[in-house]
Each structure stands twice: as C-alpha cells, then as structure tokens.
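Spelled out from the first residue to the last, the chains are:
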Amino acid sequence: MATSTATTSSISSSLVDTLFQRSLDDLIRSLRSNPSLEPVLISRALAEIRREIRSTDQDTKSIALEKLTYLSAIHHVDMSFASFHAIELLPLTTHRCKRVGYQAASLSFNSSTDVILLVTNQIRKDLGSPSDPVVALALEFLSVAATTQLSMDLVVDVHNLLASSRFNVRKKATATVLRLLLECPDSVRIVFKKLVDNMECVTDQRIVSATVGVFCELSGLDPSLYLPLAPEFYKILVDSKNNWVLIKVLKIFARLLPLEPRLAKKIVEPISQHMRKTNAKSLVFECVRTVLSCLDGYGNVFNLALDKVKEFFISDQDSNLRYLGLLALSMLKPVYSWVVEENQTVIINSLDDSDPNIQHQALNLIMGLVNESNVIELSDVLVNQALKSDPLFANEILGALLSSCSRNFYELLVDFEWYVSLLGAMSRNPHCTRGEEIERQLVDIALRVKDVQPDLIQTARDLLIDPALLENPFLHRILSAAAWISGEFVEFSRNPFELVEALLQPRTNLLPTIVRAVYIQAVFKIIIFCYSSYLDKIENSELSCQNDSVGKDQVFETNSMTNSGCDDDSISNLLKTDDLFTYKCLSHMLNLIKAAVLPLSVCDEVEVQERARNVLGLVHVLQIPVPETETSTSKDMNHITNIVRLTQNAFSERLGPVPTNAQEKVPVPTDFELLDNLFDIKSILGEDDAEIPTFSSFLPRGWHHQETKVEESEEQPLESTSFLADHRKRHGVYYLSTEKHETVGGDEFPQANNYLDASITESVLDLTHKSLNPSSKSKTTKSRPVVIKLDGEESVLICDPKLGKKKGKDSLQGRDENAASLNEESTSVAKEISREAGHGNSVSRHHGRRDKKHRHSKHKNHLHENDDPKDGKHHKNPHSRYKHRKRDDDGSSTGLDVAQQSMDVPDLLL
Amino acid sequence: MIHFVLLISRQGVVRLTKWYSPYTQKERSKVIRELSSIILTRGPRLCNFVDWRGLKVVYKRYASLYFCMCIDNDDNELEILQVIHHFVEILDRYFGSVCELDLIFNFHKAYYILDEVLIAGELQESSKKTVARLIAAQDSLVETAKEESNSLSSIIAQVTK
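Quick mapping for you: the protein sequence lines, in order, are chains A and B.
Sequential numbering of the first sequence, starting at 1, is according to full-length UniProt numbering.
Sequential numbering of the second sequence, starting at 1, is according to full-length UniProt numbering.
None of these hints come from the bench; they were simulated from the model.
Glycine included, every Cβ here is placed at the ideal spot set by N, Cα and C.
Any given hint could be a false lead.
Claimed, not checked - Across the chosen pairs, the derived CB separations fall in these ranges: (1) B:E100 with A:V40: 19 to 29 Å; (2) B:G43 with A:R54: 46 to 56 Å; (3) A:P512 with B:W52: 35 to 45 Å; (4) B:Q11 with A:D390: 21 to 31 Å; (5) A:M152 with B:K129: 32 to 42 Å; (6) A:P228 with B:S37: 45 to 55 Å; (7) B:Y23 with A:S36: 24 to 34 Å.
Claimed, not checked - Examples of chain B residues toward chain A, derived with CB under 10 Å: (8) W19; (9) S36; (10) D75; (11) N76; (12) V88; (13) I104; (14) Y111; (15) E116; (16) A120; (17) T130; (18) T144.
As the list claims (entries may be wrong) - Quick look at which bits of chain A chain B covers, simulated, 3 or more residues with Cβ under 8 Å: (19) 59-71; (20) 160-172; (21) 175-184; (22) 208-216; (23) 243-252; (24) 319-325.
With the hints as constraints, model all of the structure from the sequences given.
What follows is the structure, given as structure tokens:
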C-alpha cells in the first residue's frame, strides 16, 4: 500500500515535471530578469534540476541536463553529480537527447570522473554508427575527455575510422587521434601508418591539414621520431597552398632542424618562395620565425626575413605586427645584436607605445643591447623614458637598468661618476619604488669604488637637501644610504654645514626611526670632521706664525665671542667666506644641532634616542664656555682636541669587512697574555657614565662597515681580551664552551661574520697584505676605477686603508681591528665627553648601572692608554651595537629602580 | 594547439568556455577570473596578444564580446586571430548578424558550431560553407526527432505506456 502510494506520487510528480518543466530559455530569462537574485535563482533552479533529472522521461531528463550544463558552463555550478545522468542519455536514439548527453559529458567529465568507465561500450557503438553526426559526437567527446583507459580501449576503433570513406568522419578521427596519443603514447604504433597515409591524401586537403596538425603537436614531444617523415613534410611545404598547413609544417621543420642540419639547405628555397609570394602575414611571420631561429646561416633568406621584419615595423598602424616584429628580433641569437642595433630607433620609439606588452618587448631588446660603449647613452634614454611612463613600466625600466648595470660587479661601467648621478636621477623619479636596490648599490659602490666617493657625496647631498624626497616612503632607504655616505665620506664634501642642515631639516620627521638614527649618526661624524678640520687649521696657523703669539689669542677671542651669544644668521651666510671652519660657523652649527636633536633625546625609539644623546653629549663637550685665563683655555682646548682627534681617528680610516674565519687562522703569539688582569682600572674610572656611540649603525646593509683608527697607541687587543675573560668569568653561563677558542683573542662572537666559507684559506696576514695593495687583487681595466672584489666572495670586499689621508697617518698595522674595539674606544670618548659635560641630561638615566658601566669604561679607557703597537686581530662585533641598544632600552624602560636587572639582562644578548 | 576558448562579455560575464586541455573546475574559474581582469582592462588599439603563465592568449573584441583563445608560446598568433575571425563569421552567418543575446539564448548551439570549427584544439574546417552545411544537417536531424516525438502516435504511445 505504502509503496503504491509512493509510486503514484513519483509518477504524478514526474508528469508535473514533464508538463510544467521550465525550458533552458525560461531559466536564462529568469536569470537575466533578476541579476541581483542570481544566487537564489541558481540554487532554486538546481533543486528543480536535481528532481527533474531523475525523471524517467527522456525529454525531461535531457532538458534538465541541458539546463545544468548551462549553469555549469556559465555560472561554474558543479555538475559532477549528474555524470551518470549524462551517461544515461548517450544510448538514446533521439539525436537531440544524445547530443545533450554528449555535450554535458564532454564539458564535465575529467580523469576523476569515476562513471567514465561506463561509457566505453556506448562510444564504441557510436563510433561504428552509420550516421555521421553520431560518430562526430563520439569523436568530439573523445577529443576533449578521453582518459588513458578510454584511449587504450578505443584507439583501435578510431584507427578504423582513419581510412573511412566518409571524409568528415575521417577528418575528425584524425584530429582525435592526437588526444588519444597524448593520453596513451604507446598506441602510436597502431595509428602511425594510417596517419602517414592520410598525410598523402590527395582527395581532401582537410585531412592533410588535420594530420599535419597532429604531427605538429607530436613533434613537439619527441622530434626525433618524426625525422624519417621529413620528405613527406617537404613535399607538403612545396606543394601545399593552404596557409594553415604550411604554418604547421614550418613548425615541424623548426623542430627537426636542430636534429638534422642538412634539412636547412633543402627548405631554404621553398621558405623564401613562400615569403616572397604570400600575402598572408601569419605565414610570413611563421617563415620569419623559422628563419631567424633556425636558418640564420643562410644569408639571402636571412636578409629577406629581416626585410620582412622591417616591413612589420613600417606598417605601424597595426600594433600586432609591431609586437610580432619585436618578438621576432628577440628570437635572434646574441650574435646578431647588430640587427637589433639597426632597428634601435624603432625599438626606442616602441618604449613610448601605449601597449604595455610592446613596451615590455622593447625594453627586453634594449637591455640586450647594452654594452660598455653605449650604456651611458641608452641608460639616459631609459631614465628619461621612465619619467614619462606609467608607474608600472617606469619601475620595470629602473629595475632592468639597475640589474644590468650592477651585473657582475658593475662590469659594464667605466664612468662611475656618471652612474652615481644616474642613481640619483633614478631616485628622483616620482614613481620610483626600487629604493632598496638603489640603496644597496649606493653603499656597495661607496665601498667598492674608492675613486667615486667624492661624487657619491655630491649625489648624497643633492638627495638629502631636497625636502620633497622625504615624502616618498619608497625613497627612505635611499636617503638612509645617502645619509650614511654623507657622514662616512664627509671629507670630500664641499660644505659639511650644508649637509648638517640637510640632515636635520624639519621634514626628517617623516622618516622612519631607523633611518633617522642613520641621519643622526651622520651628523655625529660630520661634527667630528668639522672640528678636526678646525683644529688642523689652528695648528697650521700656529705653525705658520710661530713667533706671532697673537694668532692663537685671536682664535680664542672669536671663541668666547661667539659662545656668549648666537645670532640668527644662517650657516650658509657665514660660509660665504672661503674659510669654512671658523669658530663662528662651528658654534652656529652646534646650536643648530642642539636645537634639532634635543627633542629626539626623549624619542621612544632607542636607536634614535641613543644616537641623539651621543650627539648631544658631544655638542655639550665642544661647547664648554672658554674661561678667561689663557692657561685654562689651552687646557680645555687640549681636552677638546684630544676628544676630537680620538673620535676622528675612529671614523677616518676605513677598512672593508674581513673574512670571519680569518681570525681563527691567526696563530696566537706566544707572548700574548690573555688572562692578564686590568691593573690601572682605578685610574680610569670616572664619575659619570655616558652613552656609547655605536659605529656599525648601518646594519640593514647586511655587512658591517668596519672603521678603524690608525694610532697604534690606541688599540689594545690584549686588554679587550682580558676584559672578555673577566666578563666570561662572571657570566660564564651565557658563553658557549670554547676550549680551544679560548686562546684566540676576540673570538667571543663566533657567529659574527660567519658568511664566509672556508675557501678563504690565506692567513690573515696575507689578507692584510692584499688589503694594503688593492691593485694586486682587483681587476683594473683601462681608465676604469678599481672595483674591489674578493676572489671567492661576492659579499665581502677588502678596502685598502686610506694611506694618503691628509693627516698622514699611514702607519696602519692592524688591518682587521674590529669594530668592537672601536666601539669601546668611542665609548671611552663618549665617557670622557660626558665626564666633561658633568651632569648632563644624557647621563642621568644610567646611574642605576653605574658600576657595570664603569667596568666597561675601565677597559676601554685602558685601550688607548696602552702603547703596545702589536697587531690586534679581532672579530668585528656586530652585537656590540645591539648590546648598547639593549642597555639603553633597560635604562629607559625600567627607569631608576632596578640596578640588579640591568646588570644581568644585557648579557643575555651576548 | 589551442588550450581553451573563452567568450567573455565586456562586463566580465562568461558566455562560452571550451577546454581542450585538462583543467579542473577550480582551475577553470581561476583562469577565467585572471584572464578577464587582464584582457578587459586593456584599452582599444593595443595588440591582441597577452603573455600569460608561459602561454599566450590571443583575443579579439567583437562588439561587446571578447573572443579569447589560449595557445602555446610558439604557436602562430596571427593564425589564431584568423581562427577567431573565422568562428565569428560562421556564427554571424548562422544567426544572421550575431549579437551577444543570440549566444546567450542559443548557448548550446554556439557550442555545436564551435565543435564543427575546432576539434582537439586544432582548426578542423576552414570552409564556412561546409560548417554551415554540417550544422544545418544536425539541426534538421534534431527537428525530425522533435516532430516525431510530438507526433500523435508518439503521444498515444506515451499515454498507453
């Protein structure tokens, strides 16, 4: 009873479905009338389809499937649930239903459709059908949805059709074979002969066309299999009038030529015939492509092809042809760059094209042209082009230029002066987003190419001084590099005061803090440079007028005058005179710095704060009021001189990075007393603490720039080692066990520069020698400046110390003195500064950790009081900066309370 | 070979898709999204070729419809442009100055026509006349079947079943 009711209801619902079923048209109309309700309508229609598709009535079922196919194709509805229903429609005799079934199947079936196994027999039956449309349906289905299994099962049936007298069926079967062969490559043995026969079919060109299409695809997989068919292909190439076929045959030859070069001689003539005769651009282009890529040895046809390319360019109305012309040129081997050069004007004009694809092709071609002789000319064109282009392409140009010019240690470049100014010009491009790369190259060049440093500082100055550039966040990295350069190479600057002004301009508050830190550090270096120049001047004048005691007095008169009150003149006004380093200027500069940096000393960011306080501490020392009596004046003056000289020494001499593992290769001298304790610590201990200026402030660069000082009296590896030993004794828990390293001075941070591999096996002494004689190491080409590079390493370089510095300090001995010792020196400098400064702002917050800091200062001060001239080999200590930073952090965050904590925490970072 | 054929309206609505290389349903929607954003944003009078994922897409706009075909990098772009034009001419001949609406409401017919023009990603018929004849033959076959099923005898047969 219950079953009969169910049956009745299913019959009646099926009847209702049949009578009131919405057709595909209805569905499309309803979807179009209410686009906003589309998702609702689709899900409603889907529910309807799911019901209808189960109907026993074939029309209802096929209409439902047709609707589902529509939804799947247009609205990406998943129709995998209906796979079986599609198969149900295939055996029907009604062509319409069968067609709907096949269409649904070919749109939705893929290798993961499990029911596809059920269709094999039905398809076999349809392939044998006497009705052409039915066979066509089966073949079309196979051509898009054949799986490996289906191909294996049905390849024989399709093979039988290859000789069919019904040409339409034969044509489709030929084309379908491709899919079967792709799925099941082994079956090629079965069909090969008939395919070859079909290629020679004279009655119907369409069959030849289909066969050549199949061979064209197959030859892409394994050309060598089809080499024996070359005579047949040649015959088609000569005889065929059909452009489609000719294009395919040319493609096949392009694949066969590398295997059989003798073919080239044969096909040159027919190809040039086709190029001359045909009007079809597609065939001409195919000939050009074949000739330029495979037949470049044949002058006549090669020139003919080039003429055709030029024709493409001349017909400038058609951007397709222009694009293809450029594409054809880019297929040429590098040997034929003269061809590209010939068309240079067209290519450069194409950079202006409205089509980004054409621009891109043109840029690629131009970058392929760049060589030593034309790099300047082309780069200028490109940079100008980048100014005119849209942001995307502008950056593409800049990126291409940057990578080309820097390739293989700037091998293309001779004129670095020009390149540095080009980098400046690129930075000024309003679309420029390549700041990171430009930054890297600026610093890289600064370190590698000594001769260009004066130009670098000019470029850096131009960048820094422009307030508009500060707005663009992409340029901040470049400005950071410029700031570093301005501090590092300030001695080449025409006007250091201008740099200071630029570095402290109000809009620098737009910079990220990490860049500001670099700015402030640069200011620090510039102050030191200015003062040292000033002191040099005094010394010189003292020397020149030795018997005239007035000279010295005059200086100090100015001194006291300007110190008492400062006017509002801008520094640049003061600089009208030739004499740059007057006390007035300096003092004015200090005031400016003080005003600008003071707010930063309470900055939240430790990097900025720390450096700001360094600068303020220095300013404080340098600005001490000059007492009346001459004796005390000279005493103060001496003091300032000492500080300035000391810091100057720390900054002035430059060395490149040293291989990290170099340290381990140094034999420990026998008279090296590592455990020697500090004996004069008390004498050095000051009352106050101060900031420790850091040197390796340019960390993001990936290497640490090493600075060193020259006076051997100041360097003291022995003491820093014993300091380490002392520290290790107290905080042994934070050290790795270092049995054998124990003996090596300064290896306390073995990870510091570990990027060097063991391939550098020369001893450090050897390296020292090399660094002192750069010419022995670096490649010098003609007038090209020396670009320094290490043999094995790309990221490491050895700079020669500047022997000819104006102070004549050429007695460089410890070439790889480390930054740690420098840091310690500068620490001591800063300490002295702050001691002089008395109870300055900068020191107050360190009271809590005074005793620890004193211990540091003890060692550090000791460093330059010892006169041991021994070569000190140290590892550079990148952590020192971090250590300081951390210390600062503690100071500012924990405030006054925890002396204990601040004792311990920083050491964690070691 | 042609990997797939796409017809996209200017608004980015898909009108026809045919895949000659295996793509999963997910990949298909992704391809359509990517390509329509690339192609629809290209201005007029630019070249008709787009490099895309190591392949090349040749497209041409007819009225409000973009006909796109994706081919291998070393295939002939101009040839494919001709194929597209060939297909459009056949559609035009069949529908009598074809418009987007024709393709919307006769979406399955557009597929049948495409199946007569291309097979397995290759052009199979370069004669417009032949394609028209084949389509007409199929249509008449369907019509006969329809008439038969609507004939009185078949209705009676259904009722008495």
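Hint check:
no. : hint                           : verdict
1   : B:E100 with A:V40: 19 to 29 Å  : holds, 24 Å
2   : B:G43 with A:R54: 46 to 56 Å   : holds, 50 Å
3   : A:P512 with B:W52: 35 to 45 Å  : holds, 37 Å
4   : B:Q11 with A:D390: 21 to 31 Å  : holds, 25 Å
5   : A:M152 with B:K129: 32 to 42 Å : holds, 37 Å
6   : A:P228 with B:S37: 45 to 55 Å  : holds, 47 Å
7   : B:Y23 with A:S36: 24 to 34 Å   : holds, 30 Å
8   : W19                            : holds, 7 Å
9   : S36                            : violated, 13 Å
10  : D75                            : holds, 8 Å
11  : N76                            : holds, 5 Å
12  : V88                            : violated, 17 Å
13  : I104                           : holds, 6 Å
14  : Y111                           : holds, 6 Å
15  : E116                           : holds, 8 Å
16  : A120                           : holds, 4 Å
17  : T130                           : holds, 8 Å
18  : T144                           : holds, 8 Å
19  : 59-71                          : holds (count 4)
20  : 160-172                        : holds (count 3)
21  : 175-184                        : holds (count 4)
22  : 208-216                        : holds (count 4)
23  : 243-252                        : holds (count 4)
24  : 319-325                        : holds (count 5)
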